[in-house]
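Chemist: Make a model of the complete structure from these sequences and hints.
Going by my numbering, the sequence shown runs without a break in its numbering and finishes at 131.
Just so you know, these hints were derived from the structure itself, not from any lab.
Be aware that one or more of the hints could be misleading.
With a cut-off of at most 25 Å between alpha-carbon atoms, the simulated SDA-like pairs for lysine to any residue come out as follows [what the hints assert, rightly or not]:
hint, residue 1, residue 2
1, K68, K47
2, K47, Y31
3, K47, E37
4, K64, L80
5, K66, M1
6, K121, F58
7, K47, V108
8, K50, F40
9, K66, D54
10, K119, V70
11, K66, K35
12, K45, K64
13, K35, P11
14, K35, G52
15, K35, K64
16, K45, D57
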Amino acid sequence: MYEDTIDFLRPLYLENHDFKFGVGEIIEALYALGKTEDDFDWIEKPKLLKLGQDTLDFCRDYLKNKRKPVGIPDMHTDMLMNFDYVVFEVSDLEEFLSEHNDTFETSVNSKYSYDKVVKLKRLKKTVTNER
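Modeler: Here it is as C-alpha cells:
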C-alpha cells in the first residue's frame, strides 16, 4: 500500500517539485516502510525538521525577542511554514521543550488550558561586591 502511494506520487512530485507537492505524503510512506527520506530520489532534498539541536535553535531564535510566552501550537505552525516537513506533532514539541527546562519555561496557557505556552528562561544576573 505505501509502495503504491510512492509510485502514485512520484510522477506528480516530479512535475510539481517546485511547489513541494507530495513531499509530506512521500516521507510518511517511506517512514511507514521503515525507510528514511534518503531512500527517495528527490530533485531537491526537502528541508526536514526533527526533534534535536535544529529544533532547539529554531525555538531559541523564535523566542529570543519575545517578552510574553508564546503558544507552542503557534510556534509549531511557524515551523510548518519554514520547513518542507516537520517530523513531530505539537504534543511531541511540548514534551521536548519541557525536557529542556534549563533553556525553556513551559506552562499551561491561562486563557486556553488545553495548550501550553513557552518562553526563554532569562539568565539571572549576579551582583558581585567588588571594591
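Chemist: All hints, please: hold or fail.
Modeler: Hints versus structure:
1. A C-alpha spacing of about 29 Å is found between K68 and K47, which places the hinted pair above 25 Å, so the restraint is violated.
2. Between the alpha carbons of K47 and Y31 the distance comes to roughly 16 Å, so the proposed pair stays at or under 25 Å and holds.
3. With a C-alpha separation of about 10 Å, the suggested pairing of K47 with E37 holds against the 25 Å cut-off.
4. Taking the CA atoms of K64 and L80, the gap is near 19 Å; set against the 25 Å cutoff, the hint holds.
5. Straight-line distance between C-alpha atoms of K66 and M1 comes to about 45 Å, which puts the hinted pair past the 25 Å bound.
6. Using a Cα cut-off of 25 Å, the hinted pair K121 and F58 holds, with the two alpha carbons roughly 15 Å apart.
7. Taking the CA atoms of K47 and V108, the gap is near 31 Å; set against the 25 Å cutoff, the hint is violated.
8. With a CA separation close to 18 Å, the supplied pair K50 and F40 stays within the 25 Å bound.
9. Between K66 and D54 the alpha-carbon distance is near 19 Å, which keeps this suggested pair within the 25 Å criterion.
10. A distance of roughly 6 Å separates the Cα atoms of K119 and V70; the hinted pair therefore holds under the 25 Å criterion.
11. Taking the CA atoms of K66 and K35, the gap is about 39 Å. The hint is violated against a cut of 25 Å.
12. Taking the CA atoms of K45 and K64, the gap is near 29 Å; set against the 25 Å cutoff, the hint is violated.
13. Restraint check for K35 and P11: satisfied, since their Cα atoms lie roughly 20 Å apart, inside the 25 Å limit.
14. Restraint check: the Cα-Cα separation between K35 and G52 comes to about 19 Å, which is no more than 25 Å; the hinted pair holds.
15. Among the hinted pairs, K35 with K64 is inconsistent with the structure: their alpha-carbon atoms are about 36 Å apart, more than 25 Å.
16. For the given pair, K45 sits about 21 Å from D57 by alpha-carbon distance, which is consistent with the 25 Å threshold.
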